[in-house]
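2 protein chains.
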Amino acid sequence: MDQIDAVAETADAAAPALADLAPAVRAKALVALADALLEHADDLVAIAMDETGLTEARLRGELKRTAVQLRLFADTVVDGAYLDVRIDRADPDFALGPRPDVRSGNEPIGPVLNFAAGNFPFAFSVAGGDTASALAAGNPVIVKAHPGHPRLAARTAEIGAAALEGAGLPTGTLQLIEGQDEGVAMLKHPLVKAASFTGSLRVGRLLADIAAARPAPIPFYGELGSVNPVFATSAAIAARGPEFAAGLAASVGGSAGQLCTKPGLVFLPADHGLDAAIAGAAAMEEHRMLDPRIAAGYRHGREAILSVEGVRLVAPGSVRFDDDGQGWVTPTIAAVALDDFRPHPDALLGECFGPVTILVESPAGTDYADLLESLFEGELTVAVHRTDGDDVTRLVRAAARRAGRVLFDGWPTGVAVTPAMRHGGPWPATTSGGTSVGTAAIARFVRAVAYQNAPEDVLPAPLRDDNPWNVPQRIAPAGESTTWGASVS
Amino acid sequence: MDQIDAVAETADAAAPALADLAPAVRAKALVALADALLEHADDLVAIAMDETGLTEARLRGELKRTAVQLRLFADTVVDGAYLDVRIDRADPDFALGPRPDVRSGNEPIGPVLNFAAGNFPFAFSVAGGDTASALAAGNPVIVKAHPGHPRLAARTAEIGAAALEGAGLPTGTLQLIEGQDEGVAMLKHPLVKAASFTGSLRVGRLLADIAAARPAPIPFYGELGSVNPVFATSAAIAARGPEFAAGLAASVGGSAGQLCTKPGLVFLPADHGLDAAIAGAAAMEEHRMLDPRIAAGYRHGREAILSVEGVRLVAPGSVRFDDDGQGWVTPTIAAVALDDFRPHPDALLGECFGPVTILVESPAGTDYADLLESLFEGELTVAVHRTDGDDVTRLVRAAARRAGRVLFDGWPTGVAVTPAMRHGGPWPATTSGGTSVGTAAIARFVRAVAYQNAPEDVLPAPLRDDNPWNVPQRIAPAGESTTWGASVS
Numbered sequence: 001m002d003q004i005d006a007v008a009e010t011a012d013a014a015a016p017a018l019a020d021l022a023p024a025v026r027a028k029a030l031v032a033l034a035d036a037l038l039e040h041a042d043d044l045v046a047i048a049m050d051e052t053g054l055t056e057a058r059l060r061g062e063l064k065r066t067a068v069q070l071r072l073f074a075d076t077v078v079d080g081a082y083l084d085v086r087i088d089r090a091d092p093d094f095a096l097g098p099r100p101d102v103r104s105g106n107e108p109i110g111p112v113l114n115f116a117a118g119n120f121p122f123a124f125s126v127a128g129g130d131t132a133s134a135l136a137a138g139n140p141v142i143v144k145a146h147p148g149h150p151r152l153a154a155r156t157a158e159i160g161a162a163a164l165e166g167a168g169l170p171t172g173t174l175q176l177i178e179g180q181d182e183g184v185a186m187l188k189h190p191l192v193k194a195a196s197f198t199g200s201l202r203v204g205r206l207l208a209d210i211a212a213a214r215p216a217p218i219p220f221y222g223e224l225g226s227v228n229p230v231f232a233t234s235a236a237i238a239a240r241g242p243e244f245a246a247g248l249a250a251s252v253g254g255s256a257g258q259l260c261t262k263p264g265l266v267f268l269p270a271d272h273g274l275d276a277a278i279a280g281a282a283a284m285e286e287h288r289m290l291d292p293r294i295a296a297g298y299r300h301g302r303e304a305i306l307s308v309e310g311v312r313l314v315a316p317g318s319v320r321f322d323d324d325g326q327g328w329v330t331p332t333i334a335a336v337a338l339d340d341f342r343p344h345p346d347a348l349l350g351e352c353f354g355p356v357t358i359l360v361e362s363p364a365g366t367d368y369a370d371l372l373e374s375l376f377e378g379e380l381t382v383a384v385h386r387t388d389g390d391d392v393t394r395l396v397r398a399a400a401r402r403a404g405r406v407l408f409d410g411w412p413t414g415v416a417v418t419p420a421m422r423h424g425g426p427w428p429a430t431t432s433g434g435t436s437v438g439t440a441a442i443a444r445f446v447r448a449v450a451y452q453n454a455p456e457d458v459l460p461a462p463l464r465d466d467n468p469w470n471v472p473q474r475i476a477p478a479g480e481s482t483t484w485g486a487s488v489s
Numbered sequence: 001m002d003q004i005d006a007v008a009e010t011a012d013a014a015a016p017a018l019a020d021l022a023p024a025v026r027a028k029a030l031v032a033l034a035d036a037l038l039e040h041a042d043d044l045v046a047i048a049m050d051e052t053g054l055t056e057a058r059l060r061g062e063l064k065r066t067a068v069q070l071r072l073f074a075d076t077v078v079d080g081a082y083l084d085v086r087i088d089r090a091d092p093d094f095a096l097g098p099r100p101d102v103r104s105g106n107e108p109i110g111p112v113l114n115f116a117a118g119n120f121p122f123a124f125s126v127a128g129g130d131t132a133s134a135l136a137a138g139n140p141v142i143v144k145a146h147p148g149h150p151r152l153a154a155r156t157a158e159i160g161a162a163a164l165e166g167a168g169l170p171t172g173t174l175q176l177i178e179g180q181d182e183g184v185a186m187l188k189h190p191l192v193k194a195a196s197f198t199g200s201l202r203v204g205r206l207l208a209d210i211a212a213a214r215p216a217p218i219p220f221y222g223e224l225g226s227v228n229p230v231f232a233t234s235a236a237i238a239a240r241g242p243e244f245a246a247g248l249a250a251s252v253g254g255s256a257g258q259l260c261t262k263p264g265l266v267f268l269p270a271d272h273g274l275d276a277a278i279a280g281a282a283a284m285e286e287h288r289m290l291d292p293r294i295a296a297g298y299r300h301g302r303e304a305i306l307s308v309e310g311v312r313l314v315a316p317g318s319v320r321f322d323d324d325g326q327g328w329v330t331p332t333i334a335a336v337a338l339d340d341f342r343p344h345p346d347a348l349l350g351e352c353f354g355p356v357t358i359l360v361e362s363p364a365g366t367d368y369a370d371l372l373e374s375l376f377e378g379e380l381t382v383a384v385h386r387t388d389g390d391d392v393t394r395l396v397r398a399a400a401r402r403a404g405r406v407l408f409d410g411w412p413t414g415v416a417v418t419p420a421m422r423h424g425g426p427w428p429a430t431t432s433g434g435t436s437v438g439t440a441a442i443a444r445f446v447r448a449v450a451y452q453n454a455p456e457d458v459l460p461a462p463l464r465d466d467n468p469w470n471v472p473q474r475i476a477p478a479g480e481s482t483t484w485g486a487s488v489s
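Residue numbers (full-length UniProt numbering), protein chains in the order written: chain A, 1 to 489; chain B, 1 to 489.
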């Protein structure tokens, strides 16, 4: 593990220089990285198609999203709101005794370890959202390559490191490691200060426990998947049945259902009458799954669902293994009555990674809010299909207590990368309250530091009165509030 | 443990109603709690004096601070910036495909368990900062009483619960439990969603590990103490030697040194010549320690320090046990040459809770920045005493990497409660990046939720276009930025 030490030490050595760079330099480097990825799109997409079985259209779209995401974080760096700068001016006349000048702002946390995901070879891998947000915050990043796309990971890291260094960032800003043991060793390394992960609940729990058990624990931001339940009212189905059927099939079948946000359970009225429409919409071309192991897991999970008494097939779907051992699939849409669903939480309530979903046919008058609270602990998303005549307030409040995103009259796949987006939720959706999509993801990789009565010349730039980086500063002037501040130790 | 279940269920039942209350109602309840504490000041301070041995002046000041803190959080609730409201309007023409309307804001995390501290019977106990920030965020709070002041805890909880319920908050908003086993059982309870703690590294680590090992892990915000190193330049000592000596003794001796921010190590030039001034300033009246166990631990730690070869006494101080077994102390200030200090990290580098500090006499030209980085991992504070002629930039950058607060020409005790204050630092100072002092403490007890394409009537009030609570909203209008947003799943 000498190599692990060397990588960690290189990252640690890069950290102070990286932290001290002006935001414009860091932003330009992120844009340079985005440009470099797009320049090499043909090369990268070809490798990705070969290694993952995802379609060219999906991969080109994902690469574009990855580049846009880097540019978005470049904007975020320059904007500076994420620094959460607070300036409380000294107040010698404060009621509880003199109050000093105190200023705080976010600073980089230190070297970040990012476990790349298999299902997004660009957007959640070497140059994906976790890397982009950690770099934007000013941290060196070590990526543990996903074994599903090793050549793509190596090529992306090569292009990425060259682009970042070419833009003036220190050597060691972006490094790649490979291997499960190496990933664990790096997670335990004292110079690593935070980690991120997208993957299964089993592996995520294992890594979260390692991070928590370190002599010095570090934050571990794991995105461990989700069932993403959908609740549809009778009125919504009556008003938009065919559209609902088409949207459902597309959301379940896209990318062979290998998305964290795939809807896995759909609660709808028992008399929906959509069997034919759903079966028609689910009749898609075969799609290769990411790798044989995932395909085998999918086959197993799908069979477990279909073997439950009372489960019937609406769209049978298919699983076929080719001569190379790769699995090829079309979407499977099953249905079960609510009363037959309840007794089988083990088979029906967990995430089955792949293109399968279960329609839970619920009697008229079913209280979706109570149902949601009784069945779900933590989800990335809850979707509500309703009409203006439906009162869904209780359902929405329950959904907000159990999920990171509540969406309406739509499907959870297709996560927009915007400032307000949340991709995270209560355990087991994620290990923390953080988000791994959207600009708020940067908050995972910073730490606030306060400066008390600091001379101007040693204050970090964003905290200075002359505000050379022109960032938002929240200023609490002396004597403005009679209730602010106390200084009794 | 039926009682633990009952308390947790009562808190859980109160959570939704509490979360739905308008900010003005929650704010008024916090003010009512502050007023109730001040109304009962004579009663509460008398119990506290008896149970803790702290002086009347200190306790009256602390109670006032506690009340001011509650009022400050009332302001914070009404202000609403802590909600971090973000509104990204739909953009049908976005380059990567239509972008939905996405809005996010912070919501209460759920029932919070607060392990009260022994050394601040008001400010970090039943109605202290952890409770105030969790209530302000809209969560029910369960306080595990500190065994050092059981009667005070019970009386404060009684007054507090009555005040909160009288102001319209649900029954079960503030509850008290007692006992170590009960605290652990509550920490493991599935209905508890976050916990806070102030105390020793040993107990904090134990509780943090329990929180992390739960079937559903929860955030655990522990403040585990700190050595709070001080670094003084030759020029600072030359310019302000007597003032430095007086400030040091006051900071070490105040409240018998039983503060998380007591300076435990003071690096200063070997030729400081302050022995007499420090010895004079440290000659204080005896002060009772909080309880016999803490006094015994202090005596043991002090003896370990004084037994190290090369350590000499500048101010001898004293430890005396009375007939009730209570320990009485005056400050001990020791000194050691840097070369004699380095070989004894076990005896000299840990926190010794009580009125002792060590002057580390450093040769001219000692690189304080390197010294700091080699000795310290995570501290609540680093203090720098310098003059305008000193270049302390490297030292300050190193301090910021290792501490949550860097302060200048002053002493770490006396933590102002303001929006910018940070009371936290890298492990082992705290278990997380949070702060337990200042209004930013509220961020520990919220969780962001995003709403996508939500109809206006089910949006939480702070996310609505009509903004009925008049909170800050960060709005990203459609089409403003060409780099915002991407929706390729």
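Do not rely on the hints blindly, as some may be mistaken.
The list treats identical chains as interchangeable, and a pair is accepted whether it falls inside one copy or across any two copies.
Taking lysine to aspartate or glutamate and the DMTMM-like style, the derived pairs with C-alpha atoms no more than 20 Å apart in a straight line are [to be verified]:
1) 64 - 75
2) 64 - 35
3) 188 - 339
4) 64 - 107
5) 188 - 12
6) 28 - 75
7) 188 - 324
8) 188 - 5
9) 64 - 93
10) 188 - 377
11) 188 - 209
12) 188 - 107
13) 64 - 43
14) 28 - 391
No wet-lab data here; the hints were simulated from the structure.
Earlier hints that do not hold, by number: Structure breaks hints 3, 4, 7, 12, 14.
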